[in-house]
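Enquirer: Protein chains in written order, with full-length UniProt numbering: chain A, 1 to 312; chain B, 1 to 337; chain C, 1 to 313.
Since the hints were derived computationally from the structure, they do not count as laboratory data. All values reported here derive from a predicted model rather than from experimental measurement. Among the clues, some could well be false.
[Stated by the list, open to error] Straight-line Cα separation of at most 25 Å, DMTMM-like style, residue types lysine to aspartate or glutamate; simulated pairs:
1) C/Lys-233 x B/Glu-157
2) C/Lys-123 x B/Glu-157
3) A/Lys-275 x C/Asp-308
4) C/Lys-123 x B/Glu-230
5) B/Lys-290 x A/Asp-19
6) B/Lys-71 x A/Asp-28
7) C/Lys-233 x C/Glu-206
8) C/Lys-123 x B/Glu-90
9) B/Lys-304 x A/Asp-28
10) A/Lys-275 x A/Asp-73
11) C/Lys-233 x C/Asp-129
12) B/Lys-85 x A/Asp-73
13) C/Lys-233 x B/Glu-49
14) B/Lys-71 x C/Asp-160
15) B/Lys-81 x B/Glu-105
16) B/Lys-208 x B/Asp-88
17) B/Lys-81 x B/Glu-49
18) A/Lys-275 x C/Asp-211
19) C/Lys-123 x A/Asp-19
20) B/Lys-71 x C/Asp-211
21) B/Lys-89 x C/Asp-160
22) B/Lys-89 x C/Asp-129
23) B/Lys-81 x B/Glu-157
24) B/Lys-71 x C/Glu-206
25) C/Lys-123 x B/Asp-13
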Amino acid sequence: MSTSTIQPGTLHRPLTAGDVAAAAPLPDILPPVRARRGLIGFLRRNPTIAIGGGLMLLIIAVAILAPLLWTVDPTALAPARRTREPSAMYWFGTDMLGRDVYSRVLYGARVSLIVGFAVAFFSSVIGLTIGLVSGFVRWADAIVMRVMDGIMSIPSILLAIALMALTRGSVGNVILAITIAEVPRVSRLVRGVVLSLREQPYVDAAVASGTTTPRIILRHILPNTLAPLTVQATYICASAMIAESILSFIGAGTPPIIPSWGNIMAEGRALWQVKPYIVFFPAVFLSLTVLAVNLLGDGLRDWLDPRMAKKV
Amino acid sequence: MSSSTGAEAPLLDVRNLQTHFRTPDGVNRAVDGLSFHVNAGETVAIVGESGCGKSVTSMSILRLIPEPPGKIAGEILFQGKDLLKLSDKEMRAIRGNDVSMIFQEPMTSLNPVLTVGRQIGETLRLHQGLSGAQAEAKSIEMLKLVGIPAPERRVREYPHQLSGGMRQRVMIAMALACNPKLLIADEPTTALDVTIQAQILDLMRDLKHRVGAAIVLITHDLGVVAEVAERVIVMYAGRKVEEAPVRELFSDPKHPYTQGLLGAVPKLGSSLTGEETRLAEIPGLVPSLKTRIDGCVFAGRCPKVTDLCRAVAPALEPKAPRHTAACHYAEKELMAA
Amino acid sequence: MFAYALRRIVATIPVMAVVALFVFSLLYISPGDPAAVIAGDQATPADVERIRASLGLDRPYLVRFGDWVWQIVHGDLGTSIFTNLPVSTMIAQRIEPTLSLMVITLILAVCIAVPMGVVAAWKQGTWIDRAVMAFAVLGFSVPVFVVGYLLAYVFALELDWLPVQGYTPFARGIGPWFQNLILPAVALGGVYIALIARITRATMLEVLQQDYIRTARAKGVGQRGILFLHALKNAAVPIVTVIGIGVALLIGGAVVTESVFAIPGLGRLTVDAILRRDYPVIQGVILLFSFTYVLVNLVIDLLYTLFDPRIRY
């Protein structure tokens with residue numbers, strides 16, 4: 001090894017750039033990547049959150065500001081002006097009873113949003129509770145999960161239809177029926193997180209050192225559940241909006257006096273071959289809203305858990 | 001400059017290979033300006049720490065780098081043909097046929113849902129046009145060659161029914177099925193038990209003599225290098241920093257990085273003195289390949305670093321006969337002109 | 001294998017029991033007098049009494065549940081309040097269109113969605129991948145009846161290529177039968193295709209990163225061999241699982257699709273029964289759909305061994 005060891009003493013002066021052979025510089029074969037930071041960077045990296053969130057905010061604004069957006073009373077009947085085509089006067093036309101479709105569609109956003117958010121909220125809270133109980137209380141787990149499996153074996157729309165068939169149509173009952181159908185999915189998710197976390201050494205250690213269950217839930221379980229639960233809640237919001245419209249469409253949902261997108265389409269159904277616009281406008285609004293929520297969900301999923309992004 | 005050795009053209013001549021990857025936070029210059037050659041029947045080892053670009057090099061030769069996000073530039077001359085200029089179809093005709101590969105993880109490198117026979121036979125059917133029955137017969141023959149007992153039974157089994165050592169034998173059988181001229185072995189023994197490691201190395205050496213294939217051995221295990229390689233290329237941060245015949249490299253490493261690596265190998269018998277038993281570690285971390293390095297790539301960890309090293313990247317220069325290194329301060333021995 | 005199959009079949013019994021109990025109890029967990037609810041707002045007290053008697057509401061809950069299960073096991077799903085026909089007869093009359101629609105949709109969806117997902121994974125990050133993903137998110141977002149009306153409007157009303165509505169029984173010729181089912185199948189298939197394409201893409205992306213795919217490439221296997229032999233077979237288990245789970249979407253969607261396209265199937269029967277509050281029919285249909293769903297997933301579970309030799313029972 002001695003031959004190659006550098007011995008400064010053997011050199012009369014330090015080497016300079018002129019004394020040595022420099023390696024030829026290498027070209028770039030790929031264009032450089034520019035990383036962005038801040039809110040703009042975040043939105044650029046997560047375009048689905050930007051688009052979905054933007055669209056969502058717009059629809060919420062429309063729902064809240066409906067009375068200010070050149071609407072008339074959405075339930076005002078005017079038999080003389082039935083089934084008018086869209087025009088400068090009636091932007092989206094009028095329905096069979098002469099009601100202004102534009103106003104009905106704008107007010108209809110309220111029902112969809114309320115149902116979507118309420119179902120997402122209630123099924124998250126109930127599902128979280130059931131999932132926690134089932135993940136921590138061994139004896140309850142088997143029973144709870146059998147019941148959940150059973151409910152999940154009933155296609156959720158069918159279950160909601162069956163529940164609605166027996167109750168008087170009201171927005172509250174629609175929310176309840178769809179929530180019952182969605183709860184099993186959330187509780188399975190939460191239970192899964194609890195069970196996998198219970199295997200983690202740090203949770204094990206917390207249990208062994210006598211930390212109380214509520215503390216473990218608060219410190220370890222909830223923070224880890226939050227991300228998947230948020231994503232799941234977004235998807236539930238989207239499917240609840242679709243479920244509401246299906247229920248209303250087949251006549252087992254929101255009562256006909258309340259303008260909801262499903263109701264407007266159900267009423268336009270008889271005339272859809274001659275007056276397609278009555279079905280068209282609520283359909284577009286419904287699809288766009290659900291799309292916004294789904295995009296938001298996809299974006300949140302990719303952002304909160306890049307690993308999960310690869311799964312579905 | 002390294003192609004000056006043999007009179008005839010080398011089997012594989014890699015010139016100025018650059019393999020870069022686009023990542024969200026910059027371009028990763030995994031291999032940057034690597035040149036080396038392999039003569040027919042020769043065994044060349046490429047060594048370096050993990051992340052130095054040796055595996056990327058091996059994947060680049062067979063163009064197994066996904067493009068995008070990757071990009072390969074330079075020249076890879078195999079039997080005089082530039083592999084980077086071939087069509088996908090021409091490239092496929094070479095893979096597994098003229099050039100084949102053995103991977104590090106025998107546990108995961110075999111397809112779990114296809115039988116062993118099907119996986120060996122696939123190569124034969126693709127490149128030699130054998131029928132199903134012929135391919136199975138040849139597969140059994142190959143399994144026998146690599147020393148798997150009861151090959152007639154094993155050929156119908158799935159990888160999960162075999163042990164790790166056996167799976168690596170299957171990989172070797174698969175790689176050698178079409179009598180390749182060049183075998184690229186990427187850490188072929190790393191994932192195996194020590195006793196199995198020795199068996200697999202013996203097998204490779206034995207088969208190499210029988211088949212006459214050249215081998216490019218990618219490894220971080222200098223013990224393996226000493227045992228099988230004829231010539232060694234030392235890589236660091238995507239570049240070649242030294243190249244020499246195996247004996248010369250071990251006895252007289254020129255580059256401070258190689259010296260560090262060799263210092264990190266426990267020497268036999270040194271444990272008696274009690275001084276050198278600890279593995280010499282090279283302090284510091286491999287530099288990020290996502291930023292351009294102006295000076296010497298090893299400057300950040302080199303014990304002998306000077307300002308010159310940080311400013312000027314050293315060229316690979318001959319330091320002794322058949323021995324090159326990229327260090328301003330490595331002494332040149334007198335060489336016959 | 002056989003023992004496992006038997007165990008799996010036995011394991012579905014509690015699930016089916018929960019379903020049965022749930023469906024049975026639906027009538028009683030709703031607020032108010034179920035007989036009055038079923039009878040509707042315009043019913044006379046006599047109507048309510050008649051319904052109460054026909055449902056056997058005067059006897060204890062568990063006794064009634066026992067009787068009900070006993071009847072179901074013997075193939076008796078009760079009698080319709082509205083038509084006075086046995087529910088099983090009504091279902092038998094309506095099952096062909098629904099079964100036809102679902103089978104065609106299933107085949108169509110799998111044939112379209114799996115290659116779509118495979119290609120998207122292969123071309124990850126390109127416009128093809130993005131188009132598939134955009135289609136998938138649209139499939140999840142546009143409700144089945146919206147797709148239905150759109151298709152009917154374009155292909156039946158405007159272009160006049162296919163019938164607008166209705167159903168032709170299979171016995172009257174495969175051509176007319178199929179023609180009538182194309183649009184409903186595409187409409188119903190949208191969300192199902194989205195679901196399968198997405199899981200196929202996701203699973204394939206994961207599989208394509210595996211070491212054995214690199215090995216296959218290094219052997220000189222072509223792109224098609226890599227995708228459809230080496231990768232797809234490894235991705236099969238999750239894909240097949242989702243195909244089974246997605247049958248729930250088909251069932252729920254069929255109810256709506258049949259309304260849009262005026263197909264006289266079980267979905268129409270359900271909707272009509274709801275509007276008439278014909279509870280025995282609702283119970284019967286839901287029970288049938290749920291049991292079908294459980295059985296489909298049981299069969300799929302048993303099929304796993306075909307795709308993955310590592311799964312041994």
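Enquirer: Please verify whether B/Lys-85 and A/Asp-73 have alpha carbons no more than 25 Å apart.
Expert: Answer violated: B/Lys-85 to A/Asp-73 is near 71 Å, above 25 Å.
Enquirer: Is C/Lys-123 within 25 Å of B/Glu-157, Cα to Cα?
Expert: Since the Cα atoms of C/Lys-123 and B/Glu-157 sit roughly 33 Å apart, the hinted pair is violated (cutoff 25 Å).
Enquirer: Regarding the pair B/Lys-71 and C/Asp-211, is the alpha-carbon distance no greater than 25 Å?
Expert: holds (20 Å)
Enquirer: Holds or violated: are the alpha carbons of B/Lys-89 and C/Asp-129 at most 25 Å from each other?
Expert: It holds: about 24 Å lies between the C-alpha atoms, which stays within 25 Å.
Enquirer: B/Lys-81 and B/Glu-49 were given as a pair; does the straight-line alpha-carbon distance stay at or below 25 Å?
Expert: Roughly 31 Å between the alpha carbons, so the hint for B/Lys-81 and B/Glu-49 is violated.
Enquirer: Quick one, are B/Lys-89 and C/Asp-160 close enough, alpha carbons at most 25 Å?
Expert: Not OK: B/Lys-89 and C/Asp-160 at ~46 Å, beyond 25 Å, violated.
Enquirer: Between C/Lys-233 and C/Asp-129, does the CA-CA distance stay at or below 25 Å?
Expert: holds (21 Å)
Enquirer: Are B/Lys-290 and A/Asp-19 close enough, with their CA atoms no more than 25 Å apart?
Expert: Roughly 30 Å between the alpha carbons, so the hint for B/Lys-290 and A/Asp-19 is violated.
Enquirer: Mind checking the alpha carbons of B/Lys-71 and C/Glu-206 for me, to see if they're no more than 25 Å apart?
Expert: Distance of about 22 Å is within 25 Å: holds.
Enquirer: Mind checking the alpha carbons of C/Lys-123 and B/Glu-90 for me, to see if they're no more than 25 Å apart?
Expert: Given that 25 Å is the threshold and the Cα spacing comes to 21 Å, the pair holds.
Enquirer: Between B/Lys-208 and B/Asp-88, is the straight-line Cα distance small enough, at 25 Å or below?
Expert: violated (28 Å)
Enquirer: Within a Cα-Cα threshold of 25 Å, do A/Lys-275 and C/Asp-308 meet the stated pairing?
Expert: Not satisfied, since the Cα-Cα distance of roughly 53 Å exceeds 25 Å.
In terms of the numbered hints stated before, the structure departs from hints 2, 3, 4, 5, 9, 12, 13, 14, 15, 16, 17, 18, 19, 21, 23, 25, listed from lowest to highest.
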